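Protein chains in written order, with the working numbering: chain G, 309 to 732; chain B, 605 to 878; chain E, 137 to 440.
Because the hints were derived from the structure by calculation, they are not lab data.
Please note that a few of the clues may not be correct.
Derived lysine to aspartate or glutamate pairs resembling EDC-like cross-links, with alpha carbons at most 20 Å apart [claimed, not checked]:
1. G/K718 with E/D208
2. E/K147 with B/E735
3. G/K729 with E/D297
4. B/K666 with G/D384
5. G/K382 with B/D821
6. G/K402 with B/D821
7. G/K403 with B/E732
8. E/K154 with B/D643
9. E/K154 with B/E735
10. G/K591 with B/D769
11. G/K573 with E/D208
12. E/K154 with B/E768
13. G/K365 with B/E641
14. B/K666 with G/D370
15. B/K666 with G/E585
16. E/K147 with B/E772
17. E/K388 with G/E585
18. G/K591 with B/D643
19. G/K403 with B/E735
20. G/K726 with E/E334
21. B/K650 with E/E286
22. G/K366 with B/D663
23. G/K729 with E/E286
Owing to the predicted nature of the structure, the values given are computational and were not obtained by experimental measurement.
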Amino acid sequence: MKTHSWKKLSVLAIAVLAALSLTECGNSNKSSSGSSSKTTTITFWNGFTASDGTNLKKIVADYNKTNKDHVKVKMDQMSWDNFNEKLPTAITAKKAPDFVAMNYGDMAGYVHNGTMKDMSNFYNYKGVDKSNFEKSAVNMGKINGKSYFIPMQVQGNYLYWNKDLYKKAGINPNSKVKTIAQYMNYAKRIKALGNGVQGTYWSDFAQWSLVYGGSILNKSETKSTINNAANRKVLNQFRQMMYVEKLGNPSTQGVAVDNLMFAGKLGLEVSGPWLNEGMIKNKINYGVTQFPTLEKNGKKQAWLAGVGFGIPSSTDDSKTKAIYSFVKYWNSKKISKRWSQENKCAPYLKDVAADKQIKNDPVISELAKQTSYSKVMWSGNVHASDITNNVITPMCNKVVTGSDVNTQLKLADKKINKILKDNN
Amino acid sequence: MKRTNKHSVLSNILLIIVLISVVFPFLWVLVSSFKNEADIINYPPKMFAGHYTLANYVDIWKTIPMTRYIINTMIYAVGVCVISITLDSFSGYALARMRFRGRTFFYYVVMVTMFIPFAITMIPLFMELSEFGMINTYPGLIIPHATTAFGIFMMRSFFVGLPEDLAEAARLDGLNEFQIYFRIMLPLAKPQLITLAIFSLMGSWNDLLYPMLMTTDQSMRTLAAGLALIGGQHITYYGPVMAGTIISMLPLFIIYMFAQKYFIQGSAMSGMKE
Amino acid sequence: MENTSRWSRIKTYWNQPKHVGYLFILPSLIALLIFAFIPVVIGLGMSFFDVNIFFNGTKFVGLQNFVHFFSDTRAVNSIWHTVYFTVLETPVQILVGVLCAAALARNTRFNRFCRSTFYIPVVCSLTAIGLVFNMLLDPNIGLFPHLLKEIGMTSPDFFGDAHWAMPTIAFLTVWKSFGVTMIIMLTAVQAISPSLYESAEMDGASRMQQFFHVTIPQCVPALGFCVLTNLTGSMQVFDQIFVTTGGGPNFKTESTVQYIYNRGFAAPYELGYASTVATVLFVIIAILAVGSNLYMTHKENQMR
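Just chain G, with the same shape it has in the complex:
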């Protein structure tokens, strides 16, 4: 290569760089031209990246356009995993956003490290009616008696099924699974269709444990109780369905299971509300119901999870008002209903739950039933995500690939006690 062509190339590269930065500047100018000098800009991080992320973007854009408090929300969306990697980093580097939306399981850890602000006085903010919030939703954000998080979304575990596969297997496509035995029976019949079709997959251990009457920690959450008869039954059930009967391929996990469902290759799946979006987008003829019970007409039980708004302690107090303005907007009937409808999540505001359109939506009304009886697990426990991610999930993974249930339970028991002891 000769020198002059090298020079040409570098000129080209600089030209492209310049052009790109110009267009970028053009873009940013456009978006900021509407703001006056009085505007408070607040930065907002969350982990909504799928179509819920797109819907959230639209709501934020609407807020920026219509709010009368001169607030502008600047949002950064990333995957939840990435969110939990970036937020602590940003807090340490003093580059934290002004407010965030985070998952229930992660909240306590942040509060414990003193990185979150008490938001209790949000409920006294003008125009906010605390009594309109479902109590369980408020409790989700309460740690040591203080409201560090304000509800943004609630979610639970629901049972989805593919109606077309039901038909093929000779099951009434509209029959809602009531008991675990029925669930297993249907999954077996669908798996028997062959042709790469899977029956079902194991799911959230804590949910199963609750239904079977087991527990993971003692009442004061100081010791592990995981090694008990009910949990043994749960794991045996997991092992039976995945390893013995092979209702699904145990190596498939997470997104891959969802993708099977979207490809019409999976009969039943227990998952969160986000599954709806993919089902609709991939035109799957499906139904959704609540997590089954152990016995016929048994008491329904479920853990409540969700997402809440929080403020890192590095955020300047002068921005609190602006943040409250947005959080209030979010928890207005109009927006909360819109979010429920667009993303098919259960409502947690009483006026939204009472809304006619919400009541008539077959999916949302089904999901909404759970809100009344579900409860919050390990409120404020800093070890919640550590125990779930580093003990329970690996334990289940071992069991579904054939490991001995008793050995795994003993091991998990030891590990949980170690986590509880080490960090106290």
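Following the hints, complete the assembly by docking chains B and E onto the known chain G.
This is chains B and E only, laid out in the frame that chain G set:
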């Protein structure tokens, strides 16, 4: 004679197999990036689809701030490249051509850093940068890579090979040491500088862990980090991801087409032993 | 007047190579000190502390982190996974690289074309390559599993099956980087002076003998370099695992660097303990590097 033939037939078969296995994945991804999602997830997969679309490219631009990523990557890669070839050639020249006390010692000091794995420095580097307030900034991305032992080593091996009387003649002409370096030595080192520049560019452009660790905002992310994190929590689509992959590979690929020699020289030089 | 003479004195002082040399190397040395040496010291030091990312409740714990390391199955396993990856990747990469170099030694047009093409994956990022293979090997829509089924074999779930995931990752790494080994070996082969072959031929050595007695000994230093960089590089594998399996299934492909990342920068955010794991990895890499270096030098001397 016969054996040579057999040998070359065998080696040609090997080469053709490798050639296909190298080229095919690129072709497949390139073609796929122009298919619509339905054709991509269609089973059985087919190389060519009925019709082609730019939708994936539009999509990826809509879902992630692609322009921002490209600019960030360019600033990071070009910044590191310019600063490090400057500093590396300075040091390489001094270590090769100037006699000063402790020269050998300093040379070993530099060489030792070549064997420090990033695994051990990544946490302390993060702490340093956050102490300096440089997390999530361009200087934070660039300055820690301002010099590399490999670059110094490479420039030194070049300057060592130059004849001694070159500088002597210049000194007699009244040039000072900086003038000698800038007017005489640097122009001679042009091919090495380009090789080093390309090597450095390639390294930063493709770097994942470091820029991922040292940035917090999405608006500061580089292409590699942005792509690696593109998969949403619950749903991933292949089409846009493939389009993004193609975009991320294209710039280096174009430079490679023009400046192949320098890329290959970089690798060849890394294998040299003193 | 005073000033100018002082100025010119400074100028003459700094115009001597024995002084100005320090100015030339100073920026690099400062950068290396701040961004290489000090971090190593901090890293080693931190492994004796219990410190989280918020620097909240930091305390000195002595060797406790190291004791914990050996009972932490995920940490120990991550080392084994990394070693397993290295054992799979390094020899195959070297072999493919050397074979290609041998096949491409002659300077024909086709060979030149092959050389340029084989180097293309080297230019691409591991991230991009990982994403490409993710799609090609997808059990539901991937081309490769389909081809296997077409010829009547059952296709494993390459990234999802615990037995296949690591070999698959090793394969894509070989695919991406054998070009480097190939170029280095080619350079080494081409640098052998023809006179060596001529004299061997005069001694009546066959082509085979020439290969073993001339080519191989002459290439040992380059080969040694390839092995060394490959070993140390493989022991720090991260990118390709991060984008393909993310360490799964069931942490079966989690590498040590990834564990350090997951431990330090994700819950439970223990920078101190993560540094301990990094220290262990550092020691292993150092032993490998020094060991393979000594072995190669020994081999070189033996062959001379």
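*Which earlier hints can't be squared with this structure?*
2, 3, 8, 9, 10, 11, 13, 17, 20 and 23
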